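Colleague: Here are the chains, one letter per residue:
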Amino acid sequence: MPAKYTRNFCIIAHVDHGKTTLSDRLLEHTNTVAMRVMTAQHLDSMDLEKERGITIKSHPVTMTYRAKDGHNYKLNLMDTPGHVDFSYEVSRSLAACEGAVLLIDAGQGVEAQTVANAHLAFGQKLKVIPVINKIDLPSANLELCTRQLEDILTIPAEEAILASGKSGIGITDILEAVVARVPPPRWTEYPQTRALVFDSLYDSYRGCIAYVRVFSGTIKAGETMVLMSTGQKAEVKEVGVFMPKMEKIASLGAGDVGYIVSSIKNTADVKTGDTITNGARPATEMLPGYKEVRPLVFCGLYPLESDDYEKLKAALGRLRLNDAAFVYASESSLALGFGFRCGFLGLLHMEIIQERIRREHDVEIISTYPSVIYQVIKQGGEEISVDNPVNMPDPGTILEIKEPTIRASIIIPNDSMGDILALIMEKRGTANHTDTLDATRVMLHCVLPLNEILVDFNDRLKSVTHGYGSMDYELGDYITSDLVKMDIMINGDPVDAFACIVHREKADGRGRQLCEKLAEIIPPQMFKVAIQAAIGGKIIARDNVKEMRKDVTAKCYGGDISRKRKLLDKQKEGKKKMKQIGKVSIPPDAFIKVLQNN
Amino acid sequence: MNGLAQAQAKASVAPVPLGLYVHVPFCASTCDFCAFYQMQPTADGVERFLAGIGTEAAMVDWTRPVTTVFWGGGTPGLLAPRDLARLADTVRARCGGAPREWTVELAPASVTAARLAALREAGVTRVSLGAQSFQPMLLDALGRQHSREQVHRAYERIRAAGFASVNIDLMFALPGQTAEEWAADVREAVALAPDHLSTYCLTFEEDTKLWVKLSQGRVKLDLEHEAQLYEATWAQLAAAGYAQYEVSNFARPGHVCAHNLNTWHMHEWVGLGPSAASQQAGVRGANIADLEKWLAHVGRGERVTEDRVRLTPAALAEDALIFGLRMNAGVDLATWRARAPEAPWPLVEDMLATLAGGALLVREDDWVRLTDRGRLIADTIGAEVMAAFEPITETA
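Protein sequences appear in the order of chains A and B. Residue numbering for the first sequence follows this note's numbering, starting at 1 and increasing by one per position. Residue numbering for the second sequence follows this note's numbering, starting at 1 and increasing by one per position.
Where hints are given, some of them may not hold.
[Claimed, not checked] The list that follows gives simulated cross-link-like pairs (lysine-lysine, DSS-like), each with its CA atoms no further than 25 angstroms apart:
#	chain 1	residue 1	chain 2	residue 2
1	B	K209	A	K555
2	A	K564	B	K293
3	A	K4	A	K74
4	A	K575	A	K593
5	A	K576	A	K528
6	A	K427	A	K462
7	A	K233	B	K213
8	A	K576	A	K546
9	A	K570	B	K209
10	B	K220	A	K546
11	B	K220	A	K564
12	B	K220	A	K245
13	A	K555	B	K220
14	A	K583	A	K528
15	A	K125	A	K74
16	A	K564	B	K209
17	A	K570	B	K220
18	B	K213	A	K555
19	A	K68	A	K4
20	A	K593	A	K506
21	A	K564	B	K213
22	A	K4	A	K220
23	A	K564	A	K577
24	A	K566	B	K209
25	A	K313	A	K577
26	B	K213	A	K570
Because the hints were derived from the structure by calculation, they are not lab data. Everything numeric in this text was worked out from a predicted model, so none of it was measured.
Sequences and hints are given; from them, build the entire structure.
Modeller: In structure tokens, the structure reads:
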């Protein structure tokens, strides 16, 4: 089939706006195996995606559609990761398309993510087809949706297609619009083979499977391919398409979406956004938009049971195989033992990895307080990056510390405005301006330090807006802030796991809170034990662990000696399992409890 | 003479005291706090038990006369006067004369003139009366089968029989007991003027009815309350002229229980009867806690079959510290350094110094003893001692 009969498009939507149901309808309508069947068969490991209503991995599918113009069209539907943490991955999936179906829930209207996704699609110069979904809902407000389309997204209202994935309304209209409005594949005339890698998958038998969109030329088994970002060469072993099951074909041509199995085993070598070309006749220019993905958020992950260290190591290795954006390196902590310093694209990415370690790899873990990458300018002008508070240099040597910010767009009900502004202020943010979305909602644009949204911002947002608030963000600039490293000391010994970088004004409160919590959780000790928070040697908060009052068995006859020894032995063994910080014995889960309560 | 020579001289002069414990496993009913091995008595059971004691006693290598005797249980007082006399005959046959101290535990309900006469006749010097409390409600809550009046009557009879030393056992920190109720119990006991008082903080032992209540949340532990009761007891008894010599034991001058001191000093003792423990000739262990199985064992010529361990001098030194520190007098390190020079003394010294630094222990030359605050956490300290000795126990 010539490339002019191919259409590559994706569906972009806010969570819960009906993307999966609509995709299923399109598949049914084109007699393609339903995505749900596919999902049940192949992707059962991704419960998390379903639970959270987000897509982490791409599930592309090729459909054949006989349009009203009498021609058969090959429609490649791309799936896109649905979260800001994966915005680069989203951008690469979008770059593999020429058009996007933008779903808006008729009952909910435009959401923060809808706007963000639409802007990403515009940025990739995609033809956007607005679809107002769930029009058969009693709460549907078509007038509002079309007005928002024009006002917020500057898309002419008459372009909107009314649909209901659930009832099958408007499905043909959407397919026809994809054929008519989405342009045929771009850049097919480029003289050499170029294919964009938009995702990859690790298969224990076949190694790394690259998901590609071919822009020009052909790719077939037996050829030598080159990954242009590194120049790495590999032998193509198999190519195929997604029907939606992987189906081997003879060759992939211009405009096609499919997969490549090569001699490359490691997914980390096949980077999303890279360009694959032919080894014999290589292209000289990569497809635009490639960048190295770098983690933004870091934390330490430790096994709850130190015996699980090897199991955790294996789990991280397996996760990394399928997720090149996730990085880790071993580290050890005085308080938590042996573990790993891990880097993530963002908060959700961090949560997902942690959850998968627990669920799929069955390792109970504890995570330290997350950190961002700080730029530290030292006396004499040397600039270093610090992603672990423990590595923060001595305060006397620091000229200034810069922290990353985000530019956030927050959609909230009007009546939450006061609370949100207070929250933003508390989180050291600045509100820039607001856009009125409709009679009840506004979109607030603000700048926030990334480290302030790491822990509870989203929960707080949901709480003050009674669940109606939604947020999207992109990375902003680094700004200079009055940041300090705060140490927590037990009887004068600093405990690495609790070191954190905080804004000077917040140090007192956080220091007090940590000392109080530790004093409460550490069991009574034989001696007086002080818990202190300090900045550069200056104590800013303190508390005391309780002294042990009574631990003595009353009766002790001759017959009790053996039994008593067993009890004491248990007590001694229990103490051995405790972490010794100086003279203080701390149960291994005490630190964990404090970290969990954070 | 230095400490080492002194200890050696002492060891060569006086033989190590030898205790004899006889476990009489019969009880009329099971108290809610009790984890000791006991059973309902039957005529046949008592008969076979007495025969078994005779058999077991004949198996022991009696290297020297016993210094102290202790009959516990169970309720030794459940035996008929005739049976008590028979048991005493067996004991006496192995004593090589009259022991210095011979204690029998009696429950108030079993104290009769006839039994007391039989015991006096046999040579018993000391009676320990298991009163536990004088409060009817608390006695009931403990599952005790006696009343306040029975305690008083039993005490009068014991005194009338003319034993050299009388002890009263009391328990505190009972579920629902207030500090005032406990102080009243102590006052009432003191008013009887016993020679010795044992005050036991309630321990929740596994396999007891109280343990079940605790695990079901029907009774609660309150360590602060228990600590306060301990402190109040110590003050109250000191004021009444009873000197504390161990965590739970108080005596007027000359009335400390030599048999128990013998244990805490890590000397030797022979235990007869089901579940009885022995420590003799470098071996520690116990008999099986089952009358029938114990009978079968002694029938085959086997005893001290359970938890059998060989004791090295270092292990004994470790236990002498663990159990010795429970005593107010404390422990003489010089004696044990001489007996077990291979023990990890530098580690032990470090540990003792840490305890002293935290005001939990006092050191005077080679004697170490716990402070009141230290004695209240003697188990934690015992575990510290164990940890300090670990390098040697691991290799022993």
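Colleague: Each of the hints needs a verdict: does it hold here or not?
Modeller: Status of each hint after checking the structure:
1. For the hint pairing B:K209 with A:K555, the CA-to-CA distance comes to about 18 angstroms; that is within 25 angstroms, so the pair holds.
2. With a CA separation close to 24 angstroms, the supplied pair A:K564 and B:K293 stays within the 25 angstroms bound.
3. With a C-alpha separation of about 9 angstroms, the suggested pairing of A:K4 with A:K74 holds against the 25 angstroms cut-off.
4. Proximity of A:K575 to A:K593 is assessed by CA-CA distance (about 18 angstroms); at most 25 angstroms being required, the pair is judged to hold.
5. Proposed proximity of A:K576 and A:K528 is supported: the alpha carbons are some 20 angstroms apart, at most 25 angstroms.
6. With a CA separation close to 15 angstroms, the supplied pair A:K427 and A:K462 stays within the 25 angstroms bound.
7. This hinted pair does not check out: A:K233 and B:K213 have alpha carbons roughly 72 angstroms apart, beyond 25 angstroms.
8. Of the supplied pair hints, the one linking A:K576 and A:K546 holds, its CA atoms being roughly 20 angstroms apart against a limit of 25 angstroms.
9. Restraint check for A:K570 and B:K209: satisfied, since their Cα atoms lie roughly 23 angstroms apart, inside the 25 angstroms limit.
10. Distance hint between B:K220 and A:K546 is fulfilled; the C-alpha atoms sit about 20 angstroms from each other, no more than 25 angstroms.
11. The straight-line distance between the Cα atoms of B:K220 and A:K564 is roughly 23 angstroms, inside the 25 angstroms bound, and the hint therefore holds.
12. Distance check on the hinted pair: B:K220 and A:K245 sit about 62 angstroms apart at the alpha-carbon level, beyond 25 angstroms; violated.
13. In summary, the hint linking A:K555 to B:K220 is supported, as the alpha carbons are separated by about 20 angstroms, within the 25 angstroms threshold.
14. Taken as a hint, the A:K583 and A:K528 pair is honoured in the structure, with Cα atoms around 10 angstroms apart against an allowance of 25 angstroms.
15. Among the hinted pairs, A:K125 with A:K74 is consistent with the structure: their alpha-carbon atoms are about 21 angstroms apart, no more than 25 angstroms.
16. Between A:K564 and B:K209, the direct Cα distance comes to roughly 20 angstroms. Compliance with the 25 angstroms bound is thereby established for this hinted pair.
17. Distance hint between A:K570 and B:K220 is fulfilled; the C-alpha atoms sit about 22 angstroms from each other, no more than 25 angstroms.
18. Pair hint B:K213 plus A:K555 holds up; C-alpha atoms about 21 angstroms apart against a cutoff of 25 angstroms.
19. The straight-line distance between the Cα atoms of A:K68 and A:K4 is roughly 16 angstroms, inside the 25 angstroms bound, and the hint therefore holds.
20. With a C-alpha separation of about 22 angstroms, the suggested pair A:K593 and A:K506 falls inside the 25 angstroms cut-off, and the hint holds.
21. Taking the CA atoms of A:K564 and B:K213, the gap is about 22 angstroms. The hint holds against a cut of 25 angstroms.
22. Among the hinted pairs, A:K4 with A:K220 is consistent with the structure: their alpha-carbon atoms are about 21 angstroms apart, no more than 25 angstroms.
23. As the CA atoms of A:K564 and A:K577 are separated by approximately 20 angstroms, the hinted pair is consistent with the 25 angstroms bound.
24. The hinted pair formed by A:K566 and B:K209 meets the criterion: a straight-line CA distance of about 22 angstroms does not exceed 25 angstroms.
25. Straight-line distance between C-alpha atoms of A:K313 and A:K577 comes to about 22 angstroms, which keeps the hinted pair within the 25 angstroms bound.
26. The straight-line distance between the Cα atoms of B:K213 and A:K570 is roughly 23 angstroms, inside the 25 angstroms bound, and the hint therefore holds.
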